[in-house]
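> Kindly generate the complete structure, drawing on both the sequences and the hints.
Protein chains: 4
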Amino acid sequence: MTTTTTPPMRQGPAGHGYINDKDRYLARLKRIEGQARGIHRMIDEDTYCIDILTQISAVTAALENVALGLLDDHLKHCVTAAIRDGDLSAEAKIKEASDAIARLVKS
Amino acid sequence: MTTTTTPPMRQGPAGHGYINDKDRYLARLKRIEGQARGIHRMIDEDTYCIDILTQISAVTAALENVALGLLDDHLKHCVTAAIRDGDLSAEAKIKEASDAIARLVKS
Amino acid sequence: MTTTTTPPMRQGPAGHGYINDKDRYLARLKRIEGQARGIHRMIDEDTYCIDILTQISAVTAALENVALGLLDDHLKHCVTAAIRDGDLSAEAKIKEASDAIARLVKS
Amino acid sequence: MTTTTTPPMRQGPAGHGYINDKDRYLARLKRIEGQARGIHRMIDEDTYCIDILTQISAVTAALENVALGLLDDHLKHCVTAAIRDGDLSAEAKIKEASDAIARLVKS
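So the sequences go chain by chain: A, B, C and D. So the first sequence is residues 1 to 107, counted in full-length UniProt numbering. So the second sequence is residues 1 to 107, counted in full-length UniProt numbering. So the third sequence is residues 1 to 107, counted in full-length UniProt numbering. So the fourth sequence is residues 1 to 107, counted in full-length UniProt numbering.
Nothing false has been slipped in among the hints.
Pairs count within a copy or across copies, as identical chains cannot be separated in the list.
Below are the DSBU-like pairs computed for lysine-lysine, each with C-alpha atoms no more than 30 Å apart in a straight line:
#, residue 1, residue 2
1, Lys30, Lys76
2, Lys95, Lys22
3, Lys22, Lys106
4, Lys22, Lys93
5, Lys76, Lys22
Simulated from the structure, these hints should not be mistaken for laboratory data. Here the structure is a predicted model, which is why all the values come from computation and not from measurement.
Next comes the structure, spelled out in structure tokens:
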């Protein structure tokens with residue numbers, strides 16, 4: 001690392017903000033996938049509507065929390081690096097982050 | 001299954017509200033489960049954060065639409081039947097529907 | 001009232017679900033209007049963005065709670081009455097309630 | 001204004017992010033305040049519930065759009081400046097932005 005001028009991996013394959021928590025994110029998605037399968041089964045077994053709705057709210061909230069975590073990591077790493085380096089893409093990165101936030105707020 | 005004497009009223013006079021569209025709901029949940037698996041894969045393959053967020057918003061919206069459909073069916077069938085029959089549970093059914101709506105709005 | 005064939009006041013001035021809590025709803029809206037005025041003042045006085053956002057979230061949540069209360073009252077009174085009376089409009093009333101719920105969930 | 005000794009940096013080098021659009025934001029809040037007053041009047045005049053709910057959804061959406069605009073400005077100016085200047089507060093600023101985003105998504 002000391003001999004390179006620019007860290008080659010900074011934003012490469014291992015560069016995304018969420019990389020340090022990757023295993024935790026994968027486990028959360030695994031759980032969400034299982035919850036979606038559980039809702040499928042509830043419908044198949046004619047479960048009472050309200051119980052299905054409760055489960056859907058839980059999955060929606062879990063997905064939102066994953067999104068908020070990813071977004072925070074993205075601001076902390078990817079956007080911060082672009083700004084600090086005076087990267088020309090910094091402005092575009094903030095614009096796409098704002099667009100993603102709008103989609104989350106409106107969905 | 002053929003020899004059991006499952007009580008005919010188990011699901012109310014006409015079954016759950018979503019019973020007529022059951023296959024369509026099952027197909028939608030199958031697709032949502034696949035989308036959740038797709039997000040898992042995106043994280044595993046170090047996909048760019050913003051693209052993952054876009055996909056999460058899509059799944060959240062799909063889940064919300066399933067919930068709104070189930071709720072509409074529930075009001076049209078289960079709640080309507082309870083009120084029409086002067087069922088003592090009608091008030092409780094409206095209360096639990098309102099609670100489910102609040103969870104959806106706040107999630 | 002005893003000589004009329006259809007109760008003239010059923011959905012008139014005293015007929016909406018929220019009528020019993022009208023004063024409480026009016027007070028809540030008064031407060032929300034004051035909060036909106038407060039946000040206007042915060043912007044005018046160059047308040048720190050994040051503090052304005054906190055206040056906007058509070059007003060949004062207050063409005064949502066009013067909406068959820070009105071909706072619950074509407075289901076309990078207006079929709080229930082239409083169904084119980086075998087009113088032809090019952091189905092349309094459920095449809096418009098479901099549409100209103102969808103707007104709330106998506107906003 | 002000319003005789004006060006207000007610290008010139010009170011709002012950061014370029015003031016708050018929304019400073020350039022201040023008049024537009026003030027006009028939007030004025031309109032939202034008027035809409036809140038309109039909802040108060042609708043309740044006072046016993047307007048049909050569903051019409052009130054439609055109006056509440058409109059105000060909620062208007063507030064969310066103001067929040068998303070302020071947040072975008074905040075990221076573009078305040079957060080960007082803190083990161084570019086190597087300001088020690090940059091990390092804290094991202095944390096408070098993420099917290100504000102979470103409140104918006106969950107409200």
